[in-house]
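*Asks:* Residue-level listing of the chains:
Number of protein chains: 2
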Amino acid sequence: MNRITATYDIESPLGVDHAATVLAGEQSTGTFTRLAAETDELRERSAARIESLTITGSSPNPSLPSRKSGPAYERGTVTISWSLDNFGVSLPSLFSTLAGNLFELAELSAIRLLDIGLPKEFALAHPGPQFGADGTRELMGGHEGPVIGTIIKPSVGLSPSETAELVQTLIEAGIDFIKDDELQANGPHCPFEERLKLVSRVINLHAEKTGKRVMYAFNITDEIDQMWRNLDLLQEHDGICAMVCMNSVGLTGLRAVRDRSPMIVHGHRAGWGLFSRSPDIGISFTAFQKLWRLAGADHLHVNGLASKFTESDEVVAQSARSVQQPVCEGDGPQHLAMPVYSSGQTVWQIDPARRLLGNDDFIFCAGGGIMSHPSGIGAGVIALRQAAAAAKEGVDIEMYAANAPELKSALETFKKPSIDL
Amino acid sequence: MNRITATYDIESPLGVDHAATVLAGEQSTGTFTRLAAETDELRERSAARIESLTITGSSPNPSLPSRKSGPAYERGTVTISWSLDNFGVSLPSLFSTLAGNLFELAELSAIRLLDIGLPKEFALAHPGPQFGADGTRELMGGHEGPVIGTIIKPSVGLSPSETAELVQTLIEAGIDFIKDDELQANGPHCPFEERLKLVSRVINLHAEKTGKRVMYAFNITDEIDQMWRNLDLLQEHDGICAMVCMNSVGLTGLRAVRDRSPMIVHGHRAGWGLFSRSPDIGISFTAFQKLWRLAGADHLHVNGLASKFTESDEVVAQSARSVQQPVCEGDGPQHLAMPVYSSGQTVWQIDPARRLLGNDDFIFCAGGGIMSHPSGIGAGVIALRQAAAAAKEGVDIEMYAANAPELKSALETFKKPSIDL
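The listed protein sequences correspond, in order, to chains L and A.
Every number in our numbering is 174 more than the matching position in the first sequence, counting from 1.
Every number in our numbering is 174 more than the matching position in the second sequence, counting from 1.
Among these hints, one or two may not hold up.
To be verified - To spell it out: a stretch of chain A is covered by chain L in this simulated footprint if at least three of its residues, at any positions, have a beta carbon under 8 Å from a beta carbon of chain L; those stretches are:
| id | segment |
| --- | --- |
| 1 | 233-241 |
| 2 | 253-267 |
| 3 | 270-280 |
| 4 | 355-362 |
| 5 | 442-449 |
Claimed, not checked - Derived coverage of chain L by chain A (criterion: at least 3 residues anywhere in the stretch with Cβ under 8 Å from a Cβ of chain A; other residues may be distant):
| id | segment |
| --- | --- |
| 6 | 217-230 |
| 7 | 263-270 |
| 8 | 327-337 |
| 9 | 354-366 |
| 10 | 389-399 |
| 11 | 454-460 |
| 12 | 482-489 |
Simulated from the structure, these hints should not be mistaken for laboratory data.
Where a beta carbon is used, it is the ideal one built from N, C-alpha and C, also for glycine.
So here's chain L without its partners, still in its complex pose:
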């Protein structure tokens, strides 16, 4: 079926049925009056279709302020479809269609895009992740198990040489993966090129000595031309991973990086709360991550279980699973990405993080969860690996700790979080 579907949670003072009709009209052939040129043939070819509709509730008050009011606000789930003939395989045009003016319709007092269904033809037209989990392991020299990572902190303020010193310490502690903070890209106090030079020297020396290549996600976020220059610089210094703040550069910025990148594209979702926090307006991660994968992100941040952020564990679990599921229907390219857990993570979260995926194809970033280990950073990394091994073997983490002193100490140091899954 050569159509794209989108499922929305909507609320309307005019009833879900009427509102769905307005929405489908606004996003295809319609306007507020039917024009002469809107012939039956044109409608047959180009009009959006309502594929299904379910009423889920009603409320005496609107969820969002709107120009239109009514005695009750009916809520429901509606699936709309469009022919690929309307916009072809253009990702930006798909976005204008799925997530454009409809968010401002006065007939709607709530609207959230819940999911997107893509035909094979659409997925085939996009590059998707170049490396994914397998490529990540390979670039790291054959890494096994989950990738244990950390973030450069303080987020901003360290100079390039201070950053490189910290990287040296982290590498000696046995870390697999390090990322710049999303706030640190090319600030005057820590210029990208200088940081890249000093950090790469440390990483490359270690790789030569030990054969282990630590993956450092350099934050290349900037204007298009500058991101391309940054990619060139990264390549000169044997970099294998470029981080992009996806909401800061937009879909076309991400794709422009993918098109010129010989390396992993690490997708940071800073700003995600804008799309996700309100139950009444926004886009679900399940839907948005498909667009990011089509545009080429290899790694995608999914938050962490029991994190310092606001999302429920259920949403985090759903997000993490979603990036490992095929991007389109049928036998098209799957374009799988690698989930990145982060924010307030410790040894306690590895087992549930692994269990919800059923595999080790994830990156697990901990900051305080490594740095604050009583026996030092090295012990912090070892403890996380022990927790990952316990999870893989299906052994209870506290039992496993009996023969794993670093893990035991970590379990005693970090508070057991309450995880709702």
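Model the placement of chain A on the given structure of chain L, informed by the hints.
*Replies:* Positioned in the frame of chain L, the structure of chain A alone reads:
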């Protein structure tokens, strides 16, 4: 003062004062524990500062769901500042800082970015609009008064030749400006290049014959490389205006167009409801339009008074005014843009639209408000010009209509909208 400020409306179960501290920490040097490397010197240099804070209310319930709860949710306005040393003059990095992880903090049960204050240094580092209102008039051959425009409808479904026929009719009717719908960029049924060729032929012939160049905003929205090719094609066909769906291409996409564009960049804000609809999460237009202007948009959609969309007239007025105000503090570049009114506009809205600006430097787009004039499209355009003349002369529109039959007929045809200003 070499600092950027951002003002937020926030709500927190932990009190506004505490929440502001968490926010400032998250968006600069802090993390959930204070690290050894976070020295006093580093904090002095790089930490975000709370510049001011006002408590505005309290509620027993949180506005948005969150992990943290409390007996009451305090609301307030807080202004935070950052040194330019943190991120330099990079627009994407500014975005990661002002509108990044903070939207997901569990300490906040509401957060909206209300405004941004930019120092001259920041504005100087960005190209800004290349043409603005003066350039728009000049490219149209010295146009006077507000620019009267319309949108190709149906939004999608017309072939290139059907589009060109409609353009011919509109031009003969005396229209100043026509734009593609945001849903129509380069669909298989109406390919960009073919549409451009046929539409340009009509426009160029008219310009040769009459000296009047109608401005057509071709929707070039696509991936970066394709947008650049579209710009080249536009130039080959004497195009003077390229339309970009800013939320579909992102800030770097908009800037990439500006950097290569020899013509007007018409900024469409489809998807804006995502940022604006909730009172509890989002970014105000006042704030976001500064970023779009820095990136180079000449025209910016601001919705219309008494429109089919959900925004209040007060917000529309504020939006329209904001794009005509200096982008930065002090004597830096003003980077002024031209507001575009649209959506359900008729002769009734011109006077209030002009009055709130105090000038004619705006584009006024009407669809049904032109097409549905009882004496035809030509009379529809004339009626709008008569309404604009009445507004400029400060004459009551109904009195003016006594000697303006097209306007009289339009006033009788279109219902007088209720405008709340």
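*Asks:* Determine which of the earlier numbered hints do not hold for this structure and return their numbers in increasing order.
*Replies:* none
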